[in-house]
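Chemist: Each chain is listed here by its residues.
Number of protein chains: 2
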Amino acid sequence: MSDTVAEVTQVVHAFAECWNRHDMNAFAELFAPDAEFVNVVGLWWKGRDEIKKAHEFTHATLFKNSRLTITDVSVRFPVASVAIARSRWVLEGHVSPEGAPLPPRAGILLIVLARSSGVWSIIDAQNTDIIEGVLSRPQ
Amino acid sequence: MSDTVAEVTQVVHAFAECWNRHDMNAFAELFAPDAEFVNVVGLWWKGRDEIKKAHEFTHATLFKNSRLTITDVSVRFPVASVAIARSRWVLEGHVSPEGAPLPPRAGILLIVLARSSGVWSIIDAQNTDIIEGVLSRPQ
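Residue numbers (the working numbering), protein chains in the order written: chain A, 1 to 139; chain B, 1 to 139.
Mixed in with the good hints there might be a few duds.
Stated by the list, open to error - Here are some, though not all, of the chain B residues that point toward chain A, as calculated from beta-carbon distances under 7 Å:
#1 38
#2 41
#3 42
#4 99
#5 110
#6 135
#7 137
To be verified - Distance windows between CB atoms, simulated:
#8 B:44 x A:6: 38 to 48 Å
#9 B:99 x A:81: 45 to 55 Å
#10 A:3 x B:117: 25 to 35 Å
#11 B:54 x A:90: 19 to 29 Å
What the hints assert, rightly or not - Derived lysine to aspartate or glutamate pairs resembling EDC-like cross-links, with alpha carbons at most 20 Å apart:
#12 B:46 x A:132
#13 A:46 x B:72
#14 B:64 x B:23
#15 A:64 x A:34
#16 B:46 x A:98
#17 B:52 x B:23
#18 A:46 x B:132
It should be emphasised that the hints constitute simulated quantities derived from the structure, not laboratory data.
All residues carry an ideal CB built from backbone N, CA and C; glycine is no exception.
All chains, please: the whole structure from these sequences, using the hints.
Modeler: Below you can see the structure in the form of structure tokens.
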């Protein structure tokens, strides 16, 4: 693995590590100030502060005891200072809004990163749940 | 709107125009040969050929008479030769695998583009359905 692939991969793993510590200060620091994030139900957060507040809320509720596992990371570089990292993940230990335990679910997270002053920051993220056995959204 | 924003926005609108003509040759030409695409249920296509074949199949079946409307496009440039375009969309006229009409659905499409020889091509796309009224995936 090249140094730059390793650096980007480390940010993806840090995403999961901060999630699993439920440390939303450290989580937010992975993002550039003007980063955007679309979650699995299409909520679109604009800026690090919105991303942080949304995750503080879910990590006090639905995701309080959840554990996120990154199962693989694929990294590409359209130019030297921009990276596209796509990861499959599994989430366990999350609960419904009423507090009921939910089964594990899996998804794919796209993260776009930019390198500035030698540091890779997340500038964009979009998350999609995996729904097995269908070509498009069942309704 | 700057020229470069207009150029990128035009590619996003071409995505919908090709979809609505169900012209998967023209659709595929919007993508770079090594583009990747994750659809709303987490199917991960690698390369223009896989993207084309997958859409040829769905446009012969589920999406045969569907119409995709891009309702807004937001464009950012991490560097001059890379663009991140995020769009809200509405899909109508699609059917279930059994051919039954389905109600309109909405989502958010993230497209990453790179400019090469003056032409913007899609190098990555990830799509997420909007599910109203929830913070995370209902189960």
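Chemist: Looking back at the numbered hints, which does the structure fail to meet, lowest number first?
Modeler: When the structure is compared with the hints, numbers 4, 8, 15 and 16 turn out to be violated.
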